[in-house]
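K.L.:
Could you build all of it, start to finish, from the sequences and the hints given here?
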Amino acid sequence: MKMLLIIMLSILVNTCTNEAEDNTAPLMEANAIIFNNNLPVDGCAEHISLIDAKGDRIKDVLPTEASSAMFKSLLNAEIAKLPENTYTGNLSFPVILKYKTTQEKGELICGWGSKSTVEKIEIVNITKK
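Those letters in the sequence shown? Residues -20 to -1, 1 to 109, by mature numbering (1 follows the signal peptide of the UniProt record, and there is no 0).
Just so you know, these hints were derived from the structure itself, not from any lab.
Because the structure is a prediction, the values reported are computed rather than measured.
Misleading hints may appear alongside valid ones.
[Stated by the list, open to error] With a Cα cut of at most 30 Å, we get these calculated BS3-like pairs of lysine-lysine: (1) Lys85 x Lys109; (2) Lys108 x Lys78; (3) Lys78 x Lys109; (4) Lys80 x Lys109; (5) Lys34 x Lys108; (6) Lys100 x Lys85; (7) Lys34 x Lys52; (8) Lys95 x Lys85; (9) Lys52 x Lys100; (10) Lys95 x Lys52; (11) Lys80 x Lys100; (12) Lys95 x Lys39; (13) Lys61 x Lys108; (14) Lys108 x Lys95; (15) Lys34 x Lys80; (16) Lys39 x Lys100; (17) Lys39 x Lys61; (18) Lys109 x Lys52; (19) Lys95 x Lys34; (20) Lys61 x Lys100; (21) Lys100 x Lys78; (22) Lys85 x Lys34; (23) Lys61 x Lys34; (24) Lys95 x Lys78; (25) Lys80 x Lys61.
P.N.:
Below, the structure written as structure tokens:
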């Protein structure tokens, strides 16, 4: 019984330590482009592309589960602004993103069935440009 208690306590301490490390990640700010789920149109699922000062794409990322609702809320708000019966499934727009890096990875489908492993970011704030 003591051994089980020691093992459980070790797991709990390790879990708390990992969460604390994730929470200390620095807050980053970047220009980005949000892409809606365009699988039928261009073969890419919804994702975020971080861009540099020149407007070139640096890398694609995905939101964490915890920040996915904020990401989807902005996408849905932009779709709702479109005139009725004009949404074709292809939507992208620039944003300013405040986020923290994480150790999480996710699978992005992009390029007609091509899959790649990308970083997940914790979105703290997202504002349409």
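K.L.:
Work down the list of hints and note, for each, if the structure agrees.
P.N.:
Going down the list of hints, with the structure as the test:
1. A hinted pair counts as satisfied when its Cα atoms are at most 30 Å apart, and Lys85 with Lys109 qualifies at roughly 27 Å.
2. Proposed proximity of Lys108 and Lys78 is supported: the alpha carbons are some 12 Å apart, at most 30 Å.
3. Restraint check: the Cα-Cα separation between Lys78 and Lys109 comes to about 13 Å, which is no more than 30 Å; the hinted pair holds.
4. As the CA atoms of Lys80 and Lys109 are separated by approximately 20 Å, the hinted pair is consistent with the 30 Å bound.
5. In summary, the hint linking Lys34 to Lys108 is supported, as the alpha carbons are separated by about 18 Å, within the 30 Å threshold.
6. Simply put, Lys100 and Lys85 have alpha-carbon atoms about 5 Å apart, close enough for the 30 Å limit, and the pair holds.
7. For the hint pairing Lys34 with Lys52, the CA-to-CA distance comes to about 27 Å; that is within 30 Å, so the pair holds.
8. Taking the CA atoms of Lys95 and Lys85, the gap is about 13 Å. The hint holds against a cut of 30 Å.
9. At roughly 15 Å between alpha-carbon atoms, Lys52 and Lys100 fall within 30 Å of each other, so this suggested pair holds.
10. Among the hinted pairs, Lys95 with Lys52 is consistent with the structure: their alpha-carbon atoms are about 21 Å apart, no more than 30 Å.
11. For the hint linking Lys80 to Lys100, the alpha-carbon distance of about 9 Å falls within 30 Å, and the restraint holds.
12. As the CA atoms of Lys95 and Lys39 are separated by approximately 14 Å, the hinted pair is consistent with the 30 Å bound.
13. Proposed proximity of Lys61 and Lys108 is supported: the alpha carbons are some 13 Å apart, at most 30 Å.
14. A threshold of 30 Å between alpha carbons decides the hint, and for Lys108 with Lys95 the separation of about 28 Å falls inside it, so the pair holds.
15. Between Lys34 and Lys80 the CA atoms are separated by roughly 22 Å; this keeps the pair inside 30 Å, and the hint holds.
16. The straight-line distance between the Cα atoms of Lys39 and Lys100 is roughly 11 Å, inside the 30 Å bound, and the hint therefore holds.
17. Under the criterion of a C-alpha separation no larger than 30 Å, the hint pairing Lys39 with Lys61 is consistent with the structure, at around 28 Å.
18. As the CA atoms of Lys109 and Lys52 are separated by approximately 17 Å, the hinted pair is consistent with the 30 Å bound.
19. Taking the CA atoms of Lys95 and Lys34, the gap is near 27 Å; set against the 30 Å cutoff, the hint holds.
20. For the hint linking Lys61 to Lys100, the alpha-carbon distance of about 28 Å falls within 30 Å, and the restraint holds.
21. Taking the CA atoms of Lys100 and Lys78, the gap is near 13 Å; set against the 30 Å cutoff, the hint holds.
22. Taking the CA atoms of Lys85 and Lys34, the gap is about 27 Å. The hint holds against a cut of 30 Å.
23. In summary, the hint linking Lys61 to Lys34 is supported, as the alpha carbons are separated by about 28 Å, within the 30 Å threshold.
24. Restraint check for Lys95 and Lys78: satisfied, since their Cα atoms lie roughly 26 Å apart, inside the 30 Å limit.
25. Proposed proximity of Lys80 and Lys61 is supported: the alpha carbons are some 29 Å apart, at most 30 Å.
Going down the numbered hints, you'll see the structure goes against none, and every one checks out.
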